[in-house]
Amino acid sequence: MLETLAQAVVNGLLIGGIYALVSIGVTLIFGVVKIVNFAQGEFVMIGMYISFFLATRFGIDPLLSLFISMPVLFVVGVLLQHFLIRRVLALGDMPQIFLTFALSLLLVNVALLLFTADYRTVETSYSETAIHLGGIYVPVAKLIAFVVAMALSGTLWVFLHSTDLGKAMRAAAQNRDVAMLMGINPDRVFCVAVGVALALAGAAGSLLMPFYPAYPMVGQVFVLMAFVAVVLGTLGNVTGALIASLMMGVAESLGIQFVGADSGLIVVFLMLLLTLALRPSGLFGGWTR
Amino acid sequence: MKAKLPRPRWLWLGAPAAIVLVLPLVASSAFAIDIFVRVLLFAFIGVAWNLMGGYAKQLSLGHAAYFGLGAYTSTILLIRFGVSPWIGMLAGGVVAMLASLPIGALCFRLRGPYFAIATIATAQVLMLLFLKFRDFAWGAEGTTMPNLGNAPLMMQFDAKAAYYYIALALLAIGLVITYRIERSWMGYYLVAVGEDEDAAEAIGVDTLRIKRHIYMISAFLTALAGTFYVQYIYFIDPNTAFSFNVSVEAALVSIVGGIGTLWGPVVGTVLLEATSALLQSWLGSGHGGVQLTVYALILIAVILWRPSGLVGVLTDAYACVVQARPAKKEALLDG
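Residue numbers (my numbering), protein chains in the order written: chain A, 1 to 289; chain B, 1 to 335.
Errors might be hidden in some of the hints.
Calculated Cβ distances over 12 Å to all of chain A for the following chain B residues [stated by the list, open to error]:
hint, residue
1, Trp12
2, Cys107
3, Ile298
To spell it out: a stretch of chain A is covered by chain B in this simulated footprint if at least three of its residues, at any positions, have a beta carbon under 8 Å from a beta carbon of chain B; those stretches are [unchecked claim]:
hint, region
4, 91-100
5, 107-121
6, 225-232
7, 265-273
Hints were generated in silico from the structure; no laboratory data involved. Since the structure is predicted, the reported quantities are computational estimates derived from the model, not experimental observations. Beta carbons: idealized from backbone N, C-alpha and C, even for Gly.
The following block holds chain A by itself, in its conformation from the complex (with noise of 0.2 Å):
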């Protein structure tokens, strides 16, 4: 019993890390660019299909696609900033929702048309092997995830607190009106804060590669994760998205474990609603300093 809670705690910390990659994304952008990106699951779709041709068409591995999809996002999200979501930030609540959301159907079926419905996976020689730690099994694939996501997430606080740009876009965050009196240059530090939130999806999706299939549809799952996440741990709260994806991963497995294989998702919007009944700012405060 205690093992099973273990293992069902251990599977869930493991899958955590990538809803962290996720909802930190979706909370940086909505601190920032106070803007809800609906298709922030689709771009974790389009890491899934760069590192699967990479690894089908050149045989480069899933994980070191990372250092192609991450890149490459970064450079779509600066490009989304500057083309579409700059147009609607002085609009209203309907132009600012559904733009994202539009966004999110087009990448959805554009990969329909190009890649079909398929299940797409890749092999890799770490995809089968796992370890065993006391009565805990550890898949190798999950293991190396977690840890270059944490690795990533740690490296983002360390850019927020430490750079003169990542404190730009935290003083953005906190008000928007002092830090262009302060003479941050908005513009720029909503792209980077949009591109920087894209590449965490690359990473999310070139990471989940070795043990998760790639299919157009694969981006709804983690974004609605995320989204509850991004509620639970109070929106645009980076260390709150972290601690709340993590809860929310262990809360689904021990849904799965405990409830029923097709209970983990109605576990996780069990917590949002009552989050929303309960504490609808969420668990923490406000912007992390």
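Please arrange chain B on chain A, whose structure you already have, making use of the hints.
Below, chain B alone, put in the same frame as chain A:
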């Protein structure tokens, strides 16, 4: 000037109404009637969504919850208790109305995008629950409607045209309700909430109450569409009844047509469904993704260039024509 307007206005309304009424008699192909039924049904769902999403700007992406509740209530009543779907339809509406109370209580705490996300979550939870109710509601397999032949009292007809007229009646009801609300105190309150919730609250609008009321009406109407749809396709399962596509399309047709306008959802549905039918006859049905790709492109174009939707374009064009005419006459007189 004002006295002259009524005549063209009656023509504007009367001619399309006559065409709409005789359409199924002229168009005999089942494919065409099927498209018309879809247009009317989605226009109706769009009208229901627009009451809340358009006027009060509460952008729900979870109206599938009420569509599904309506569909399941009438189906369970029909199959388990032999109750006519006509009664089941109203019962479904009431169930949806009641369900909108707790859902609204939760979701109205959030604004803007997070309201949208919370509504997605509620629709998903309902779908997941109905996937689990295997004994009571047939689980993931779903069930087919018992075929009773031509039984108008049980909402089953041999003639496809009958479904067309039911959908038309639903749409007419939705439009009349919208028209009445638009011109009542409630309509003004809704627009006030949509424009600026805090300001509305400050001048004494009970925003929570007004949102609750419009959500109930919107949910009721959406549930009617759910019952009609499963009776029309003779099949129900959680993925059909709580389909995310229903939520999306409800919002999409309203936004493309013109959010917060009486005719917006109708104009939007006609455009989107016509595009989809054209694409289907042009490319065949084997190309998954084409239709929604085009929808997404239309939506992006509308958001970037005309956030007021097609109705805005049409009224501008109309204003142009009306204003251009006297100007032309003067020019002629001068010449």
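Now the hints, each set against the structure:
1. Trp12: 28 Å, holds
2. Cys107: Not fine: 7 Å to the nearest Cβ puts Cys107/B too close to chain A.
3. Ile298: With a cut-off of 12 Å, Ile298/B comes too close to chain A, as the shortest Cβ separation is near 9 Å.
4. 91-100: holds (count 9)
5. 107-121: As far as the region 107-121 of chain A goes, the hint holds, because 8 residues have Cβ atoms under 8 Å from chain B.
6. 225-232: Check passed, 3 qualifying residues.
7. 265-273: holds (count 6)
Comparing the model with each numbered hint stated earlier shows that hints 2 and 3 do not hold.
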